[in-house]
Every structure is written in C-alpha cells, then in structure tokens.
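Engineer: If you read the protein sequences in the order shown, they are chains A and B.
Mapping of the first sequence onto the numbering used here: residues 3 to 114, in sequence order.
Mapping of the second sequence onto the numbering used here: residues 7 to 122, in sequence order.
Honestly, the hints are just simulated from the structure, not real lab data.
These numbers were taken from a predicted model, which means no experiment stands behind them.
Glycine included, each C-beta is placed from N, C-alpha and C at the ideal position.
Some clues are possibly wrong.
Residues of chain B clear of chain A, computed beta-carbon distances all greater than 12 Å [claimed, not checked]: (1) V10; (2) I18; (3) D33; (4) K61; (5) E69; (6) D71; (7) K72; (8) L80; (9) P92; (10) D94; (11) I99.
For each label pair, taking beta carbons as the anchor points, the in silico distance ranges come out as [unchecked claim]: (12) B:C19 x A:T27: 34 to 40 Å; (13) A:Q82 x B:P14: 28 to 34 Å; (14) A:Q111 x B:K70: 36 to 42 Å; (15) A:K58 x B:S60: 33 to 39 Å.
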Amino acid sequence: GEDVEQSLFLSVREGDSSVINCTYTDSSSTYLYWYKQEPGAGLQLLTYIFSNMDMKQDQRLTVLLNKKDKHLSLRIADTQTGDSAIYFCAYHGSGNTGKLIFGQGTTLQVKP
Amino acid sequence: GAVVSQHPSRVICKSGTSVKIECRSLDFQATTMFWYRQFPKQSLMLMATSNEGSKATYEQGVEKDKFLINHASLTLSTLTVTSAHPEDSSFYICRMEPRGRNTEAFFGQGTRLTVV
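Let the hints inform the model, and build the full structure from the sequences given.
Structural biologist: The following block contains the structure:
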C-alpha cells in the first residue's frame, strides 16, 4: 500500500540545524517532495528530489534520499524562527499519477 | 512563479446551507486539479481529482453528491459543499497541476470552513 510516516514534532534552537525524517512504502514515484505549511495557510513546495538522486542541496536546504531504505530527510541549516511551520513529505502514488501521498506532517518549533 | 488563488479564505455557514469554494490559476493552465481536506494536526486527505475534459474522480469514502466539483475551465475549479453539517468543518485546499509539469504542484491558500 501507499503510506508515509513522519515524526510529529521537532524542536530546535535558532541557529541549529533541523533534520526532518520521512519513510515511505511505495518506491515507484519519480519525484519526492517536501512542502511547508504555515499556520492557516496552504502548502508551499520547498524542494523536490528526483528518485535516482541521493542528495540535493538548495541554499539552506539539503534533501537526502536513501531509496534502499525508503527514507527521505530534509535538513535545514541555520534554522530561523521563520522556519517554524509544519513540513510534509510527499510522493506520487500508484505509479506516478498526479495523486500525491502525504505524510502526517512534522511540526518544527524554533526557539529563539 | 505560478499562483493559485483560492477563496474565500474563511467561511462560516449554517447547517443545511451550501458553500462554494473557488480555485483559480492566475498564470498557467491546469490540466489536473485536486481537492484536499485537512483536519487539525493531520495530513491532507485527497478528496477528488479532476482532469481536463472529464468528470471528477472521487476517493473512496468521499460522497460525490455532497462535494460537487466543477472543473469549469483550465484555470478554474470549484468545490461546493452541499447541505453542510458541522462535521464538514475543515480546511479545504485545492492543488492545480500545470500542463506537462507534474513535478510542480501549486496549492491554493486554503479555505477554513466552519459549519454552525
């Protein structure tokens, strides 16, 4: 089946690095995504990684993909209070259809 | 970048009435549109998918007569919650996929529906 698991909560201090983890079951998706949701708002695509890559870096964001273990992570360097939000990992379900399967979301709390 | 405008952002309605939520892509054509529902502190649950030129496909457990989706054009989709009940209170979010670019998914800002 299609399932995505994330830890629900992460608290870090401003300036530290944050690592948000995600495990998934269906490995057929060509792309895997990280979205950010601020309170009361829609989702903002942060970054995505092609499934044949194992790492992608984009400014403060680093995505690591371990396809063998079906594990995806998002590292935010120098975490700021503005990074406080819910982060969702997602992938295309059922063989690369447009349907996205989302994890439960990880709430990132950044303390000053 | 591509923008999806969703409104209203918040709506309060009485039980038994209907509410229409609109999503519009401002600078691209969306061949596929998705509607999600999100309960507090939970993930997004896909309600339905509509592709250009065809009727919406609803996920299991979603009542198509209650949640009416109209893919009016390549830039507009509406979700109408008919005969709303308090248990329909939720956060509804649309997502629009540009033609030929399924790595990009643009979400609306969401609509907080409260049924009293």
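Engineer: Of the hints stated earlier, which fail here?
Structural biologist: 1 and 11
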